[in-house]
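Colleague: So you can see what is in the structure, the chains are spelled out below.
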Amino acid sequence: MLEARLEQANLLKKVVDAIKDLVQDCNFDCNDSGIALQAMDNSHVALVSMLLRSEAFNPFRCDRNIALGINLGSLTKVLRAAQSDDILTLKAEDAPDVVNLVFENSASDRISEYDIKLMDIDQEHLGIPETEYAATITMPAAEFQRICRDLTALSESVSIECTKEGVKFSCQGDIGSGSVQLRQHTNVDKPGENVEIDLSEPVSLTFSLKYLVNFCKASGLSDTVKLSLSSEVPLLVEYGLSNNSYLRFYLAPKIGDEE
Amino acid sequence: MARATRAKPAPKEPTPESIPSTTPPLPEATSNPPKLFILPKDTSSDARIVTLDNPAASTPSRYYFCPSKGFYEFSRIAAPKKACRSWLITSQEVKTSENEKSKELEEPGKQDDSEAGLGSGYTTKNADLFLATPVDLLFLILPALAPKSAKEEKQHFLALDDYTDMLSASSQHWKTLLAQHPSLKLMLERKMRTLCDTVDAGVETMYRISHAKLLAILVKKAERMVQNSLPPSMEEKFVKSALDIPVMSIRREDSTLSAVSESGTSTPAADSQASTTAEAESQATDITTPDKAEVPAKPSLQTPEGIPHLLRLRTALSYLTSSYLPPSLVSTITTLLSTPTSPIDFTPLTAHLSTIAKLKSEAAALRSISDNISRKRQFECNEDKIAEREEKKRKKEEEDRKKKSESLGVKKLRKVDTTGMKKMSAFFSVKPKAK
Numbered sequence: 005m006l007e008a009r010l011e012q013a014n015l016l017k018k019v020v021d022a023i024k025d026l027v028q029d030c031n032f033d034c035n036d037s038g039i040a041l042q043a044m045d046n047s048h049v050a051l052v053s054m055l056l057r058s059e060a061f062n063p064f065r066c067d068r069n070i071a072l073g074i075n076l077g078s079l080t081k082v083l084r085a086a087q088s089d090d091i092l093t094l095k096a097e098d099a100p101d102v103v104n105l106v107f108e109n110s111a112s113d114r115i116s117e118y119d120i121k122l123m124d125i126d127q128e129h130l131g132i133p134e135t136e137y138a139a140t141i142t143m144p145a146a147e148f149q150r151i152c153r154d155l156t157a158l159s160e161s162v163s164i165e166c167t168k169e170g171v172k173f174s175c176q177g178d179i180g181s182g183s184v185q186l187r188q189h190t191n192v193d194k195p196g197e198n199v200e201i202d203l204s205e206p207v208s209l210t211f212s213l214k215y216l217v218n219f220c221k222a223s224g225l226s227d228t229v230k231l232s233l234s235s236e237v238p239l240l241v242e243y244g245l246s247n248n249s250y251l252r253f254y255l256a257p258k259i260g261d262e263e
Numbered sequence: 023m024a025r026a027t028r029a030k031p032a033p034k035e036p037t038p039e040s041i042p043s044t045t046p047p048l049p050e051a052t053s054n055p056p057k058l059f060i061l062p063k064d065t066s067s068d069a070r071i072v073t074l075d076n077p078a079a080s081t082p083s084r085y086y087f088c089p090s091k092g093f094y095e096f097s098r099i100a101a102p103k104k105a106c107r108s109w110l111i112t113s114q115e116v117k118t119s120e121n122e123k124s125k126e127l128e129e130p131g132k133q134d135d136s137e138a139g140l141g142s143g144y145t146t147k148n149a150d151l152f153l154a155t156p157v158d159l160l161f162l163i164l165p166a167l168a169p170k171s172a173k174e175e176k177q178h179f180l181a182l183d184d185y186t187d188m189l190s191a192s193s194q195h196w197k198t199l200l201a202q203h204p205s206l207k208l209m210l211e212r213k214m215r216t217l218c219d220t221v222d223a224g225v226e227t228m229y230r231i232s233h234a235k236l237l238a239i240l241v242k243k244a245e246r247m248v249q250n251s252l253p254p255s256m257e258e259k260f261v262k263s264a265l266d267i268p269v270m271s272i273r274r275e276d277s278t279l280s281a282v283s284e285s286g287t288s289t290p291a292a293d294s295q296a297s298t299t300a301e302a303e304s305q306a307t308d309i310t311t312p313d314k315a316e317v318p319a320k321p322s323l324q325t326p327e328g329i330p331h332l333l334r335l336r337t338a339l340s341y342l343t344s345s346y347l348p349p350s351l352v353s354t355i356t357t358l359l360s361t362p363t364s365p366i367d368f369t370p371l372t373a374h375l376s377t378i379a380k381l382k383s384e385a386a387a388l389r390s391i392s393d394n395i396s397r398k399r400q401f402e403c404n405e406d407k408i409a410e411r412e413e414k415k416r417k418k419e420e421e422d423r424k425k426k427s428e429s430l431g432v433k434k435l436r437k438v439d440t441t442g443m444k445k446m447s448a449f450f451s452v453k454p455k456a457k
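One line per chain: the protein sequences are A and B, in this order. Just add 4 to wherever you are in the first sequence, counting from 1, and you've got our numbering. Just add 22 to wherever you are in the second sequence, counting from 1, and you've got our numbering.
Note that these hints are calculated values from the structure, not bench results. It should be emphasised that the depicted structure is a prediction, and the values quoted were computed from it without experimental measurement. In this text, a Cβ means the ideal position worked out from N, Cα and C, and glycines have one as well. It is possible that part of the hints are untrue.
[What the hints assert, rightly or not] Derived lysine-lysine pairs resembling BS3-like cross-links, with alpha carbons at most 30 Å apart: (1) A:K17 to B:K424; (2) A:K214 to B:K433; (3) B:K414 to A:K121; (4) B:K414 to A:K17; (5) A:K121 to B:K417; (6) B:K437 to A:K172; (7) B:K437 to A:K95; (8) B:K414 to A:K214; (9) A:K81 to B:K426.
[Said to hold, decoys possible] In silico contact screen, one side only, chain B against chain A (beta carbon under 7 Å); selected entries: (10) M228; (11) S427; (12) E428; (13) G431; (14) V438; (15) T440; (16) K445.
Generate coordinates for the entire structure from the input sequences, incorporating the hints supplied.
Modeller: Take a look at the structure:
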């Protein structure tokens, strides 16, 4: 049986909002270490991996490993009924037909309860090894979102070029071309606006902007985003959450399609 | 008609090699094994087997001629190829009560228990039986009377001697027969009178074949043939199946059914090139099929009264013409039959048959459709296949539902150009399923 109490319903709301446009249905794999999720988009070129560690919940109880197959659209509908600062409790039996969500509003003593029917989802699970990336860029999530949004107007794909000078996002489209260059930058007052570049070797890769824009929907979850690149491997876009939890997106680079 | 039940060895029968009953090795098979004949009773001693031209095929065939009784033709009755039969022929003394009718499959065992007579017996490999049945002299002289070819329309009146000369020219045996038996010439003349138009030219009477007369004779013969109903195999094949009115839904395989059942029974008829009307009659006597039984009670179309009889007549006639008439006469007779002056009016029959043909073609068309369906069903009958199909259907429905429930973002992502992008599984290995 699973029982997980989340102080802020907002967290789950945002996570689900961020991935619901990438995948439709996915399994929430619950075990004693927390709730994990891994899913690919329909084209299988992007992958989302989420981990909400048990520490994120208070309390967290999971006796057996349970896979909750949920349609994210349905979950979004139910979560819309929760207010951001509601206390959210997830409950499920050991072999569940439904997952039970309880929203408690401490201020108004309002308790709402919803059941979502579960589904059997046959998804393949990929093993993602820990990788040493050639370049790791940490930057404000809002900044990354803005760059992606701005460049989308010009082109479908962006080239991310990381050198010791800094990181350059550039694109070329029908109407012209554009680029945004960021240098390493430290803001003592606002550490959230730091741009850190950890580079072991220069790297340049091209990615689909549409997917990146899609990933940026998770921007609300975290102040900073970490981009990890190595040639010939997927880009990792990671939004760090509290208690070592994370929301990670992987995107296959465009190869042999220089624009 | 006289029909002996005793086997007589064929005149040219080779002497069966005497088998020593004590020694086990059997003598070698003779190259010319004895044949079994059933010949007419009380024939004169002058009776002999002659080779004359078959009127229809104009190939030399064997006939049995008795000066007092006339001609007999031979019909070979053979066992079906698959049913292996053989004859055991023993000497006269042994045949006390049961005679030659001992069809034997296990010969050696039989040989032991009656060493006296069986020792000189003989086993033939083929269980053929040659049955002599009377044939009308008329048919045998037809080749001489008929025009040599269809073109030769103008026929002259000729004297009887001219015709006999013609016959003698065609076959050596005719010549001998005519020379040896003056009675034959009388028989010939009698037949000629029934068959031909005659003109008296002084002392001599001149003859010319009359198609109308021939037709009349044929019709008479056919009527006699039909009187006691046709042999069952003919009845089945030409009358019953032809009159079968297709039932749209139930009996689809009428035609094939009849064809199958026919194959077994018709072997003797098919084998014997020429079996006479007389034989046909006698064969049919024991199996009289009442008319009502074979008129199938079908809802769609009733077989009118008299149609089966007409069809039988026509079957008999076509049998007679095809087996006994020279080819040059066949067309003349058939055209004569179809003219309004023909003695039998077949128009109701042809009308009925064409209706049936129409129905049958409709049924066939229907069958090809329904066959398709039934085959499909049969295919589906397989439980697995049904399950598979349902699974597929279910999956498809699920997919459709999924597509409908897709969020806007997912829909947009579908349209993204992903060329040059490898699948995730190209980078990360698929983990074996947990649990």
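Colleague: Hints the structure violates: just list their numbers, smallest first.
Modeller: The structure conflicts with hints 4, 7, 8, 10, although it agrees with all the remaining ones.
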